Each structure stands twice: as C-alpha cells, then as structure tokens.
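Sequence lines, in order, name chains A and B. Quick note on numbering: the first sequence equals residues -10 to 435 in my numbering. Quick note on numbering: the second sequence equals residues 67 to 648 in my numbering.
Keep in mind the hints are simulated off the structure, nothing from the lab. For clarity, every value in this text was computed on a predicted model and none was experimentally measured. All residues carry an ideal CB built from backbone N, CA and C; glycine is no exception.
Which bits of chain B does chain A cover? Going by a derived footprint, with three or more residues having C-beta under 8 Å, they are:
no.	segment
1	210 to 223
2	310 to 318
3	335 to 345
Calculated Cβ distances over 12 Å to all of chain A for the following chain B residues:
no.	residue
4	419
5	434
6	438
7	643
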Amino acid sequence: MDDLSQLDAILGAQERLGHALLRARIGEDPALAGEVREHGAQFVQLFSGAIRMSRIHDADNEAFDKPMRELAAVLGKLVDLLGAVHVVSVEDHVYINEIRIRLKSEPMKGQGFGDLLHRHNVGAVTFREIVSEATMRRLLSCLAKEAPAEGRRAALLQDLVDAGVDGIELEGIYRFKMAGEDEGAQMSFTDPIERGLRVADEAWRGLGSGRMLNALPLRRIVTELIGSGLNDNQLWREMPEMGDHATHSLRVCRLALLVGQAIRLDQGTLQDLGVAAFVHDVGYANAFLGHEEHGARMMLRQRGFHEAKVRRILATLHHHAPLARARGPGMLFSRILRICDDYDNLTYRVERPLSPHAALRRMMSGAGSAYDPTLMQVLVNHLGAYPPGTWLRLDDGRVVQSVSITRTPDTFDRPRCQTVDGQVVDLAVLGMGATVMALPAAARPE
Amino acid sequence: MADDVQGTDSFIAELLEGPRLGRRLSEHGEAARAALIALARAARSFTLYDPGNKVVRDLIGKYRDAIDSCVGVHGSTALTVQAYALELDEERVYEEDDREKSLSFKLFRDGVRGMVIHPEVPWEELERLLEVLSIRYTGIRQQEEDIVTLLRKAEFTRIELDIVEGVTPAEEDPEGTVEGGKTRGGGAGGNPIRPPDGWDLPVPRLEGDVPIAYRSVDPDRLVAMCAEEKGEGLLVAAVRSVEEVMRLALDTGEAMTPEEVLPYAAEVAEYLAVEGHPDLLHKVLMVTTKAYPGHADTARLLQRVSGSAAWGRLIGSADLPEEELPTLAELMGIVPGEHVDRLLHDLQTEPDVAVRARLGQIVLHLAETRSEALLERIDAVPSDVAIGLMAQLAEADAARHLETAFQLARSEYPDSQKAAIRVLRAAPGSARLATTLKALFTSGDVEVRVLAARLYASRAREHAFDPLRRLLEDRAEAGMDEREAHNLGHALASAAPDRALETFREWLKPRGLLSRLRSAFPDSPAQRLRRWAAVSGLGRIGTPEARELALRAAQKTDPTFEEHCEATVAQIDQRRRAKARG
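Chain B extracted, bound-state conformation:
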C-alpha cells in the first residue's frame, strides 16, 4: 500500500503522526506500536480529510496491514489501557500526552481498560473498531453513546475488551448519611417526582386464565420481528413517527406544538437523506410542508436538508434505483437551493462514469419541473445528456424546441453544437440565427464549423458572403485541412455565386513573373488552401466559366492539386450531362 501520508504536507503528517517512542521495543512491541499508530492515524484522518480522500484510503490500508503484521505474526496482542499510554506486557507501545490526539485517552476516559486483538480477527471487526474511534476523534458529540456502548454494540468476536464503569468513588470509607438520611437528596434534593395516584392503572380487563407451557416459537417469525426495527423497517418507522407527532400537533395543538415537532421532522428528513431514500424523504417533506406551509421552522427544515452533506450525497449517488429518480427530481422542486447548478457542475466534473450517468438521468427527470433553469444552462450540460434533455424539453413544450437549440448552440461540446444546428435548420432567418451560426465558426470541431457555414450560407445568402470569406481566410491561415477548405469553398459559392466566382478567380490567378522568378517555391500553405477551396467552390458554381477556371488552375501545379481540379471539372461535366439528359 502506497505511503501517501509521507508525501503530504509535513504539518498534516505531524498532526496524524503523534510522537514517536525513543526506547527500543521487542519485535511484538514494535509491531503493536505500528498497529496502534496506524489505527490512531486512520481514525484521526477523518478530522483532516474528506472521507472519500485517497489519503484516508491509504491510511485504512496501512491500518489493515499493520494489524495483520502484528497479530498475524505475533499472535494475540493484549493491551493495557492507561490514561495516556497503551502497554503490551508492560512495554509502553503507545504514548501521547495530547488528549485531543491520544488514542489511549479516548479509550480510558470512557472506561476501556484493556483490549486484546486475536489472530484471524475479521476485517469487519477491525473496521468497526476504526469506526467507533473515528466517531470519537471527529469530536461528534454523542448524546446517546460513548465508546463503551458503541463497542458493546459491535459484538466483537475476536477483539476482547476489558471495560469498567469509567469512574469510581475515591473514598475508602464513603460518607453515607446525614442524620440517617442519604447524602444525596436530603434537604437539598431537588424536585421529587410524584406521579399521580393510580398512574398506569387499571390494567386491561383480561378474562380467565390460560395454562402456560413452554412452546417453541417459529424462528422465522422472530427474524421478521427483528426486521421491524432495522434497515428499511426503521426508516419506515421514522416516517411514521413524524406523521404521528405531526398529527398530534395538528389535532391537539396543546399537547404538541409545531416548534416541537418540526425540528424533529428536520432530523428525520436528514436521516432519510443520509440513508438514501428519496421516496421516504419526499413523504416527510410533503407531510411537513402540507401541515405547516408557512412556518419558519418548516423553512428551516428545508434549508437544513438542502445544506446537508447527505443531500449532496443523495444527488450524487450512483446506487439509487432508477424508479426513485422521478421522486428525487420532484424533491428538488421542494428543497430550496441551486440544485440545477450543482447537478450540472457535478455532471461536468464527476469522473465516475456510473455517477455521471445517474446525474444525467436526474437531469432528464428535471426537464418537466425545472425547464426554465435547465434551458438557461443547457449549454453547460455534456452532450450525451444535453441532447436527450433537448428532446425532453421539446416534448414538454414543443414551442421551446428552437429556443433550446439556440441555448444548446452555446455549448462547448461539439456533439451538442451539431445537434443544435440540426434543429436550427428549421429556424426562420433572423439576426439571432446569424449571430448564433457565426459564433459556431469558432468551434473547435471541423464538422460544426462546416455545418454552421453551410446553414449560414443557405439562410443569409449574399449577406453571408463576407463573413464566410473571412472564415475561410482565417481557417486557411490556421491550417485547416483540405476537407474543410472544400466545404467552406462550397458554402461561399452557394451564398453568392457571382461574388464567389470573382474571389476564386483572384485566388487562382496565375502568379506574375516576379513572383515566379522570386520563387521556385510552391504556394504557402494558406494560399494553397484558399486555392483548394476556390476549386471546390467552382465545382459548386458549375458554369462554363467556372469550369474554365478550374481547368486553368490544374496547370503548373502539384499532382494532388491537379487531381483535385480534374475531379472538379469532371463533376461539372457530369452534372451538365445529367442536366442535358433532363
């Protein structure tokens, strides 16, 4: 596994590293030290990096390797946890005085006093250990759990823990009483609780007695029961809890208030986003916005969802089932935020093909609800999605088809530009069309330039001549290929044949004596390309004069150009014969 951490900024490396021990350790001690440092580094890495960062990945790999090397080679590794140190058989293998950094302090404070990692410890358990410590390192305040309850929950099989209740009375002989009463409470005891008389009674009326016996219970039934409180069952329960408290708030008003239930709904909404369930999230948001549409806490709830990392993750998830996408698109209409911008940005920058495909699908689902926003930004959408999106937008509103094409023509993606030009063929002539097509002359794609030039020529006719001539000349200077020269020559000829003939004549004019004397050299590349375009244009014009010019151009030139001229003349002749035949 590559040690990228050594290559990172020294400050960060120092933050991750922790102090080194000066003394010499046994081989087992060295291996344990390496494993513990790797564990501490990996757990702390989440405080410095995004969880998806490569450094985090490398550190997890190093942790795994180091544990393997330790318990795989040296067997069970039994560590004693002290406040600022971890010991292996009285060898101090980890030491860190900084409480914020110290792995041992985090364990010690919550009551872990020993840890044994056995050989063949499954990776899942090592991962869970890392998870528990990462959560504590990132400083997340757990109102419900500490390291001990989290570690108990992990149900390790190959990691043993020695856990004590964290603190203990320090008195050898505890003081117990004040005048026979307890030290706690007494006169300074706070508000005692006295539930009302007869609370929780009577019990339901039950008729008769039934003999009891040991009866086996269907194990499948138990599995189904446990599932109610896990996974999907719990997610559904979370939605149900919001529905129920919302109903109570609406029905009773006094028993529960919107200020009490809406923050809870916000928490559940974020949870559902984290778990990647747009359908359930949608349900919670609908219930909430319907119950308290104008409430400030409803707005806060929506903002909270919008601003959460989970929401971003939900949008960017490649794993979301396709059937959930319409709901997600609908959610984007409820949750505030520049989702379209965010989506399109991600679509442009996301390296993962699967995620990109999913983002594209979401964009397509937005066609109906966010057409305005998408239309404005369609030029930023990669072609594969943009073309589909244009079709979708057209399907939603046919009148917007041309508008979409105009927007799409601004795209930098050649396939989008070509698709836009294809649609713009149906557009009536206008200054906007001319501007759009002229803008496409600067496209980096030859096919786009040619298509734009041709369409422009066919629509603007005489007006197109000068811009097309400039284009041709610029492209010749830039070193276009002969195919582009051919097409641009055609475009020029079709825009204004008479003016084109004059221009071509000029370009093909035999060089004067001086010029011929000065150079036994051939034409410059730009000259040659202009002449090439001119011959092609002559072919498009096809008049006897054009034929004559093409024939003359074939003289005293290189064989390829001569061949081009002859082919052009042949084309003209062929067309004329065909015309004569009717």
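If we strip away everything but chain A, and leave its shape as in the complex, we get:
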C-alpha cells in the first residue's frame, strides 16, 4: 500500500471513529451514570458504616436514626433511577447495576465492603423496591448476627424471612472468571438457559414495577446463545419451568435467533432481535388489553438512544400485526416475532397444544396472510419437518422424540431423536426408507 492510500485509510478510519463515538454518545445518559455513581458510593459507604455500627449498637438504638434515614433515602433514589438495585462485590470492585462504583476512602474500598458481606457468604444483594427504615434496621440486625460455620447465606436468608424482610435477594460470592476454566467440561446449555430464564423474569419484574429496562444482561445471554451455536441439540431441549412468561420469552428468543441467523442478519442486529424477543410480551406485566402499547411504553422508559430501542419499540407494538396490516406490514422484527410467538403459543400455551410438526403445518396455511411467507418458509426449513419436541412413531414401532433442528436440506425430515429411555436414534443414519409418523401432542408418552 503506498503512502497516499495508507493516509487515506487512516483519514477514513479517523472519520469513522469520530462518527462511531458521536453515535455512542447519544446512547449515553451521563446524568444517569453520574447519579448512580454518586448515590451508589453514598449507599455503599452508609451501608458499610451501618453494618459496622450494628456490631456495637442494637439496630433500634437512636444512633441509627440518622444513618437509617439517609440510607433509606439514598436507596430510594437508586431504586427510582434503576428499578431493581443490584449491589455486587467482586474481589475489590463494587458494581451497582453494571456501573462500577468508585470508592475512595479506606475502609470503604471495595474489599472492605465485600468482607462485610462475605462473612455471610454473600457477594451480591438485590433491592427490588424501596426499603423502609424499619426494614433496613431489621436487615442490619440480621447482618450483625454471627454467621454459623456452615450454610451462612442460607441462615441469613432464613433470618430475613423470619424477620419479615421483603424485597431483598442475596447471592453468593463472585470472583472474576479466568481463561480456560471451562476447558474440558462438557458443553452445557444449562447455564445460559437457566440464566436466560432468570434475566427474562427479572426484566419482566423490573418493567412491570415501572422500572427502566436493563438490556445488558439480556444481550449477554443472547450473545452467549449465538456464540454457543444455535444448531446444538442441547439448546432445543425442554426448558425448566420458571414462570410461563419467562419460558415463553426465552423460547421465542431461541426461535427468533434461529430465523434471524438463517436470513443472515449481522451479529449486532441478531443480538437486538434476541433482546426484542425477550421483551416482546412484557406489556402483559401491566395489562391484558393493549399489551403491545404498554410494552412499547416500557421500552420508552429506557434512557439514552440505541438502535435496538427503535427495533424493540416497533417489534413490541406490531408483533401481533397481521401481514396485511392497514398501515403497511410491520418491520422485519415484528414479522419474525409474530411467527415465533404463535408457534410457541400453539405448541405450549393453548389449551390443547399442537405437536411442533402439526403447528408448522397449521401455520403454513397462514403464510401470506397472517405470516410473512418467506420467513415462514425459513422457519420450516430450519426447524425441520419434525422440530425438536415432536413425538414420532418409527416403522419398527419405536416411539421417539425429535431433538434436533434441520442439519442439512437432505435430512430435513430425518432429525436426530431420542427414545423415552434416552437412547439416541439418528433418523438420518437409520436410512431414508424408514417411515416416520408424527404423533399428536396429546399422544406424548408419560
């Protein structure tokens, strides 16, 4: 590359970087971040001080009056700003809802705060709502107690339950993960799935309580799901139950990512689609009628611009819109979500669920009217004739359940399956001559 074209490349890069930073700045809400840092530092300082004081005085001592008032007030400010307030101590760092809190004075450095919690084997405390002074006193009383040698966090939680402390969650101690820790371990989707359900539930709860959306944890899960490979059978197994709303959200997310990847959305847009899928129905946390509008209203609460926000608002508003909509078809995300939402409802949530195979056949009849025909075909192509969860009877009489999505066009109707006792039967290996019959959902073996 000659000097001139090298200079051109650098000038171009400079221009693009300037533009990217300008764009990123619209997403920033410096006032919010500043307030969280300021109130967060105050909170940690007051909380640490109060825990220390509680070793000397009873929680109902007058010496606590002022600190308790201040602590409740500053927590109130944080809850107003953030909704659920997650205070996490990781090694010598303290984070409040992903924002690192800078603690200047000893002994308020992160490690000091962490040590106070670690006595109870606690690394993170979540405040879901504004806590009254009285509740705060009871919390401190519990924290002041000597921790037992074993089951320290469980004991503390039991104390909180006994003391009637509500709206507070405790988590264990965290540390930074090191590279290679997972090496050798069998790839498992349990963690992302479980965490996905948890963050979906948290998103619903937070938004339902009038808080702002915290999109980052959802995006992290989506990124993990994409990074782990959407064609892995483990991802398509039945999910553990964690509330109908959370499982529905995660299943729709899983399907949407499959479609999004199949139509070759770029990584950023695919991540946005996954997050939109997580929250598409969240309006139901507030209302039955007009959940689309309520959902969009919840999306509006998030401060700072991001392209994902535009996508989420439109997707939430139009994810039930038929293809032939008076105001023109919905955007791509809403058309994808419409299909994935209905598929999940048909296969899990209606009174008499259809088998995945039957659901696809039924939905195909709506291609072109209710559903975008191209996207519908994409879903069919990638889920396969017998999508995961479909029960099949083989011509040798065995009953198996499909556990894989389409692997190649040739094996579209030959998924990998599992017998009731866990034996793997790959229909592609079994041969194309083997006849297969999909069973109705109601015929699922016990």
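Starting from the structure of chain A, add chain B where the hints point.
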C-alpha cells in the same frame, strides 16, 4: 508516520503513555508491547482530543504500523488478558495499575481473557477493535452493550477472542437451598410476575393444514429483508417509531404521555442528525412540534438538537446531497440557535474548500427564511458567497437590494465591496451613501478606492472635493501607484473642476529658486504622485488653461513624467478636435 505525540505537552504525553516496563523482552515481546501501547494510546486519545485532531490521526497511524510490525514480522500474537497486565507466552508485555488507563482492565472486567491477532489481519478489523476500546475509554456508559457484546458484533475473522462470562460463583460448594426453596427469592423474593390468565391467547384462527417441505428461499429476498433493519431502512424505522408513539400519545392520552414520547423523539432526532439526514430529522421535528407545540419537552428536544455536536456536524458536512440543502435551511428555522452566526463563522474559518462551498450553498438557501439575520451579517460573508447572497436577497425582496449593498459595503472582502459599489450606483445621493463611500476610501484594494472615489465625486460634486483631496494626499504619502493617482486626479477634477484646477496649479507650480538650489534632487515620491494626479486631472478638465498647465509641467522633469504630460495634452487635443467635428 510523524510522532507528533512526542512533541505535545508532556502532561498529555504522560497521560497517553502509561508506564514503561523495566525488564528486557524478547523481540516478539517488544513488538507486542509497542503494538499494545499504540492501541491503548490511540484508544485513549479520544478522551483528550477532538476526533478530527491531527494527534489522533498520528496515533491511529502508529497503531497500524505497530500492529503490522508485530504480527507481520512475528506472526500470530496470542495475548493472555489479566486484570492489570497482558502477557505473551508468559512474558508480561503490558502492565498498567491505573484502572482508568489500563487496557487490560477494560478487557478483563467485561470477560475477555485472551486475544490472538493473526497476520494479515484486515485494517477494518483493527479499526473496529480500536473503536470498541475507544468507546470504553471515553467512559461512555453503554446501557446496552459491553466490550464482549461489541466485540462479538464485530465478527472478526483474524482476531480471536477468548471470552468468559465475566464473573463466576466463588463457592466450591454453592449453598443452594433454604428449607427446600431457592436461596434467591424465597421469603425475600420481591414482586413475582403473574401475567393475566389467558395472556397472548387465543392464537389467530388458521384454517386447515398445509404440507411442509424444504424449499429454497430466494437469497435476494433475504438480502432485502435484512436491509429493512440496517442503514436507511433503520433510519426510516426510527422516524416511523416516533410517528407511531406520538400517534398513540395523541390518540389515547393515557397509554402514553408526551413526557414519555418527547424525550424519545429527542433521542431519535439527535440520532438522525448524527447520521446526517436532514430530511428525516425535519420529519421528526415537524411531527413533534405539530403534536406538542408549546410543551416544555418539545422546547428541550429542539434545544438538545441545537446543542448537539451532531447538529454542528450536519451543518458542516461536505457530503450532504445538494437536494437536502433546502430542508437543512428550513430546519434552521425550527431548531433554535444562532445558526447564521455559526454558519458565517465557519464560512470564514473553514479551511476545506468543499466544506466551504457547501456552507456557502446553505447560506444561499437561507436567503428567503433568514433574510434579516443574513442582511445584518452579510459583510462577514466571504465574497464568493456574499455576492450570490445579495442577488438572492434582492430576488426575495427587490426593495432590499440597496440595503443589502449598503451592508455589503462594510465587508472587508474587496470583491464584496466592488459588488456593493456597483449596486450603489443606483442609490440616490444621501449622507449614508457619502459615509459609506468615504469609508471605502480606506479599503485595502486600489480598485475599490478608485470606484468609491469616482462614485462619490459624481454624486457629491462640490462637497466631495475636500474629502477626495485629503484622500489623494494621504494616498500619495502612502505611496499609491501612478494608476491610482491618475484615477484620483480624475475624480477630483470631476467633483469640482474649478477648485481642482487651482489645486493642480498649486501642485504643479515650478519650484522656487531656493528650492531649486537646495536640491539638485528630484521631487519626493509624494510630490511626484500629487503632480501625476494633477496632470491626469487636467486631462479630465480639458480647458485651454488646463492644457497650458500640463504643457508647462512637462518641462524640466523626468522622461516618464514628461511622457505622461504629453499624453495628457494629446488627449485634450484629441477631445477638442472631436468636439469641433461635432
């Protein structure tokens, strides 16, 4: 690439630099160290400088060179990320304990534990890596993304990343239960969500079943679909989202309130400004101002756009298509702010010719909507734009033509001054005209001075004589050229021929004996120029007396002056002959 950073203020250099490692490294280690320091410096430079600054450019160049030197010479460079250090094959090649400065800490905190940069890594990927880190260094709070999600989005092909979920439970044997329940939740579990019964149901009524089969999908159709959510498609979607929530707020009132939708409209407006789309920005502002004209949040929205860097960038963009300029000009009528001042300032100071041309075009488009403001400041507009602007303003309002010329005459740009004088020829005589023209006598441009003097002479006549004489004398002292002397002599003669003749006679009077004795020296330059002007003026007067004076002036002088006198006499004779012939 020039190392300008070494030449910058030592404080800034220190801020960018970070500590150096004391120990000796392998060659690969040295190269990796240089590459990482260059990366950290370039990424941090955005916190200290404007993105367009030359130092930033130099640092980007150094980063590029350093990476080339590292992976180009030593091959794949696999780095292990630790909290405060980066290692290459157990050699510590980067170390920084200050969290705010530390490249490794930023990566580590978000879950990056390893990074491999392979040879032939495309520049686009290196640029993207720098972008991700710059965003984190500038402290921009990403509510949506962290380094990991941003790096995943980048879809690198020659940069490998080892990413873990940032934190992990530290317990060997996690505590799981309280009386069979989960540690989380339980009695202290917050508000559980219970969506209403039958939510999201029933599903739409679908008639019959259709056999399914694998069918290829037209790839072009997929490309078109993806485009809906990218580039222009997304910008249009952003506008649409504002229209829809605005409509909901207006229709339902309760479902959405202006306090909810207007801040969002403001965000979208700024986004559209960043992306350089005045047409779409205009649409959003129109929808908003129409829906909530007097609302405080509408005013805040407009202020936000006005105060944003993106708005300034939009105005100063050289890339904006010409057809967008009228809309941009219209936007300046909606968005509050001293846009005209800003534009004119930029127009005067902008070094880039293309940008200047674009700014000039915007100014011209403003002629109709911001004529008052432009009229007041037209003297500050560079000539190439000002002259066109004067024409535009005249087209918009013919009666303002002379007013514009008066304003333009105050300009420091000679071409503007000349254009103003040309228009002022049509102005009736007035004190304002006299003041304006006299002010132009101080112009740095000879042509302007001459044109002003001539016009002044023709309008003020007798009254013009003294000011013109002073001008001529001052200019002679200042060392005007003979051409200017000639023209000013003409002007003086045409203003008041009789008084001019007396003055010329005085200037041309032969020097007395003493004077002649005292100097075998020639006239001073100022004297010579006055005499030169006088001879020219005599030519303009053209009477026999004037001719006689010119003839006498030719005696005992230098050959050039003699030639000037003879030419003047010849002109007078020629005119008289022509007059005699009728």
